[in-house]
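K.L.:
Each chain, letter by letter, is given below.
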Amino acid sequence: GESGYAQNGDLEDAELDDYYSFSCYSQLEVNRSHHSLTCTFDDPDINSTNLELEICGALLEINCLNFTKLQEVYYIKTKKFLLIGDSEICVKLGEKSITCKKMNIVKIVKPEAPFNISVVYREGANDFVVTFNTSHLQKKYVKNLMHDVAYRQEKVENNWMHVNLSSTKLTLLQRKLQDDAMYEIKVRSIPYSSDYFEGFWSEWSPSYHFRTPETKRAE
Amino acid sequence: YNFTDCDFEKIKQKYQKTIYNDLKEYMNGAKSTQFNSTVSCNNKSDCLAEIERLTFSAPRGCAPLAREAFALRTRATFALQCPGYSRTQTNNTQAAKKTKEREITTKKCLEQVSQLLGLWGRFCRTLWKR
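Note that the protein sequences, when read in sequence, are chains A and B. 1 is the number of the first residue of the first sequence in this note's numbering; add one for each residue after it. 1001 is the number of the first residue of the second sequence in this note's numbering; add one for each residue after it.
Be aware that one or more of the hints could be misleading.
Derived pair list, reagent style DSS-like, types lysine-lysine, alpha-carbon separation capped at 30 Å [as the list claims (entries may be wrong)]:
#1 K1107/B <-> K1012/B
#2 K77/A <-> K1107/B
#3 K139/A <-> K1107/B
#4 K1107/B <-> K107/A
#5 K80/A <-> K169/A
Keep in mind that the hints were calculated from the coordinates and are not lab data.
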């Protein structure tokens, strides 16, 4: 044909895959031992009224599971993820699978956002101790996370400084910050890169705001 | 089945990240030291053969363990990381399906699972020496 594509339906299949493309993330032990899987269509304008999603493969004792639909989000809460090997997620119109995608639940993990970030000034040590908490410390599976602490001086737009760490405590040296200035600080997490579990950044924690002290200049 | 061609590192990772939690959960606080170790294995593939035997065989007085999460994950791991393993498995899965009700976890079952923890531990240690 003029378009140079193969005559058979390849062009249509490729278009279908593109049109109905979707993205998913998993959260393990998000509610005690229940896991969740959340999928959305990449095109927000898609008419998803009669479209269903189904996952098959790499499930404990069952072959497939249907997603529940909440507005434009497709959602599963279950204990049945095998956590070993690939699953296949299909977009279905009635009984017909329109497009399918192979996914591995343990490679699309989005950790829960860290919380309770706080900053304590230590006058004697001339530094600020930053601590925060994460629900992943108590989990069985996704325990190894990398955290991204971001801080900036409030009036200075988008001048975020970043510190990556695997623990939940760090110190900022006073001399690295402006005197008598308001700062904003927040943190997010991602599965540790070389771990069995991989995936995406969590949402940011709520921000914490603190003011640096005025330092008395030597006369 | 001969386990010599398996991807041992990937098996170890899947054990440490998923199967281990299941075995510990099955023991549910019972101390694995409460049981004498009565099985052992010499090398990586020998350990996997023993693990397979103990996981999928039904000791007297204990419901077959093959329907437990750790057994389902063990089978999935072998199927993924050991070439040709799935082809040898069709009858075992049928046998597992025949069992209806899950009997209460008897002492016999706990002992068998405690032996499994020992075998998996031994398997992981054989990979440290590499």
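K.L.:
Are the hints correct? Go through all of them and say.
P.N.:
Hint-by-hint comparison with the structure:
1. K1107/B <-> K1012/B: Holds, at roughly 27 Å.
2. K77/A <-> K1107/B: violated, 33 Å
3. K139/A <-> K1107/B: holds, 28 Å
4. K1107/B <-> K107/A: The given pair, whose Cα atoms are some 37 Å apart, is violated under the 30 Å limit.
5. K80/A <-> K169/A: At roughly 35 Å apart (the allowed maximum being 30 Å), K169/A and K80/A break the hint.
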